[in-house]
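Colleague: Here are the chains, one letter per residue:
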Amino acid sequence: MVSETYKIVNPTGFHVRPTKTFVQAASQYPCKITVHNKGKKANGKSSLTMLTLGITVGDDVVLECDGEQEQEALQELGKLLTSIYD
Amino acid sequence: MVVTIIYKGIAASPGIAIAKAIVVKQEKYAPPLSTVTDTEAEWTRYQAALQAAKGEIEQIHQLTIEKLGEQHAEIFEGHLLILDDPELNDGVEAAIKEESYKAEYALHTTAQQFIRMLLELDDDTLRGRATDIEDITARMMSHLRGVKHVDLSALNEECIIVAHDLTPSDTAQLQLELVRGFITEAGSRTSHSAIMARSLELPAIVGTGADIFKIETGSILIIDGMKGEVFVDPDQQLRNEYEAAKLAYDQKQADLRKLVQAPTISADGHQVELAANVGKLEDIERAIQHGAEGIGLFRTEFLYMSRSELPSEEEQYNCYKFALEKMNGKPVVIRTLDIGGDKELSYLQLPKEENPFLGQRALRFCLANPELFRTQLRALLRASVYGNLKIMFPMIAVLEELLQAKQLLAEEKQRLQDEGIAVSQSIEVGMMVEIPSVAISADLFAPHIDFFSIGTNDLIQYTMAADRMNQSISYLYQPLHPSILRLVKMVIEAGKQAGKWVGMCGEMAGDAKAVPLLLGLGLHEFSMSATSILATREQIGLLDRTRWEDLANQALALPTAAAVEKLIIEHC
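Protein sequences appear in the order of chains A and B.
In terms of the numbering used here, the numbers along the first sequence are unbroken and rise by one, the last being 86.
In terms of the numbering used here, the numbers along the second sequence are unbroken and rise by one, the last being 572.
Please keep in mind that the hints were generated in silico from the structure rather than gathered at the bench.
Given the structure is predicted, the values throughout are model-derived calculations rather than measurements.
Worth double-checking, as some hints may not be accurate.
Only pairs whose alpha carbons sit at most 30 angstroms apart, straight line, appear in this in silico DSSO-like list of lysine-lysine [claimed, not checked]:
no., chain 1, residue 1, chain 2, residue 2
1, A, Lys-79, B, Lys-413
2, A, Lys-79, B, Lys-513
3, B, Lys-54, A, Lys-20
4, B, Lys-20, A, Lys-20
5, A, Lys-20, A, Lys-40
Distance ranges between label pairs, derived from CB positions [stated by the list, open to error]:
no., chain 1, residue 1, chain 2, residue 2, range
6, A, Ser-27, B, Gly-269, 55 to 63 angstroms
7, A, Gly-58, B, Gly-269, 46 to 54 angstroms
8, B, Leu-178, A, Val-62, 26 to 34 angstroms
9, B, Leu-178, A, Glu-4, 48 to 56 angstroms
10, B, Gly-541, A, Val-62, 35 to 43 angstroms
11, B, Leu-119, A, Glu-68, 30 to 38 angstroms
12, A, Gly-58, B, Leu-403, 34 to 42 angstroms
13, A, Val-62, B, Ile-473, 49 to 57 angstroms
14, A, Glu-4, B, Ile-473, 48 to 56 angstroms
15, B, Thr-531, A, Gln-75, 25 to 33 angstroms
Rough simulated footprint, nothing fancy, chain A against chain B, three-plus residues with beta-carbon under 8 angstroms [claimed, not checked]:
no., region
16, 63-77
17, 552-563
All C-beta atoms in this analysis are idealised placements derived from N, C-alpha and C, irrespective of residue type, glycine included.
Given the sequences, and given the hints that come with them, work out the whole structure.
Modeller: Below is the structure:
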């Protein structure tokens, strides 16, 4: 299991578009993906639970990947968390 | 006398509409708790409804791309993701197989859990996503029940829609040629229906409450999208008033739209540039929509404030890159950190100063804390390859400060190039003119910069030795005072002599009274808040620059700001 903390810098937080991009990417990986924010946790492959985390700019979220290709998943998904979206 | 009935709500989208009402009554279906014996069959039934809903949404997605473009269609990609959501479907499966619930009830309870969680969030936009789940659930529910899903695509005349709410799939199916506006019982300024109304430029009123269902289909309605008022079956006089108002409003909108893309040219053919002052990344889109030809002042303080530590080089780089790419080749003037004075940073533990406004702030602070400054410069240099970057140093008083800042910039540029990192070779480097010493000796600075940007907010305060926030002497804050005009002229002349452009990013640039003088004095670039750009473009289009060159010179010889104002009013 690997995990890392990432700071959200996208000015509008994590709304529909970033969540969509993240979930689509996460769903490609066989390993389990979990995202923790402000005491709540979500299945990274579920856009609904991701939205309920209420991620906003400045939040420090913890990304956990557990299983096959966990390192690659951490790399790619970590980047998506810290990107800026239009 | 017949009293026209008026309903009030939240003004969600401006404009005026006069048309027949079509009232859409959709009952929300809440299934009763019931169980089944054949859970496998029930699960299969659910999956069939899921597939059917998916097929329909895929069609709507396609239709929306064709009718409204990719951006509006994106929300349906989100809907398709929700339909595939493992937590939603696992939840329904468990409810069916373990609790033996009927599919309708299983779907309802599972969806309600997510809806409740979303409604608990602080963020308006995220909370609004509860509507998406309701939209999708309602569609699947119709399939499970074998009933027809309410369809807004079968209209045959111009109308105003009155409904409980308009879901994304509702708005996607609206025949835009016929819908003139809408009114919804629910919703806020940030709900999906409001956002759609604004981007479709349809007047809309939301959050009116249930009273609007007293309106009957066929009644004539007037929507005043600015005031948030609906008039039912208005008399002829009211109708005439609003028809005239609508004509005027629509004409003004059309004129403004033309202005957005137009260059800024005076009546006698002299062109200048209008740019926007922005303080955060979200402002850039608005600037573009308001016709900004560039960003004349990008304040970087937002990166340093409301947080507990300094922003990293990477974080800054991402933000600058975003801004440059968004402006797509149009100039972006980024000002280096302008902190201190009234803008404090708690995590830096800066020593308390008796007089912070005249203290170690902005560039002085950066030069005294070179590591922090170098980080910002590196981030800017790295981002430079993504657009048209111009770097601007604030609050310079003496030449040494400018040269020192340029030296640090050159060192970081060299370092990056040695590391093999690409840096743009055409970054203009300029400075703000806020301190009178610079304005008076602008010619001494001109050889060392590519541009000046006059920061009149502080320039006026320093020149008049008066704090504009101090009510007792704020009357001394006089942008039109001959002294200020003379200082502005000095800077513009120095720029002209040295072949460098001069802009202004203080409020004065967007002040309708000052604009004619600034045009006459030869200012090249006016940077202001986005909302002032179109009006200024319109104003400049009516001004004769040659005439105002003359008038500006006259103004410089006048004794008071009041006299200058009189001159302007007489000749405008």
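Colleague: Which earlier hints can't be squared with this structure?
Modeller: 2, 4, 8, 10, 15, 17
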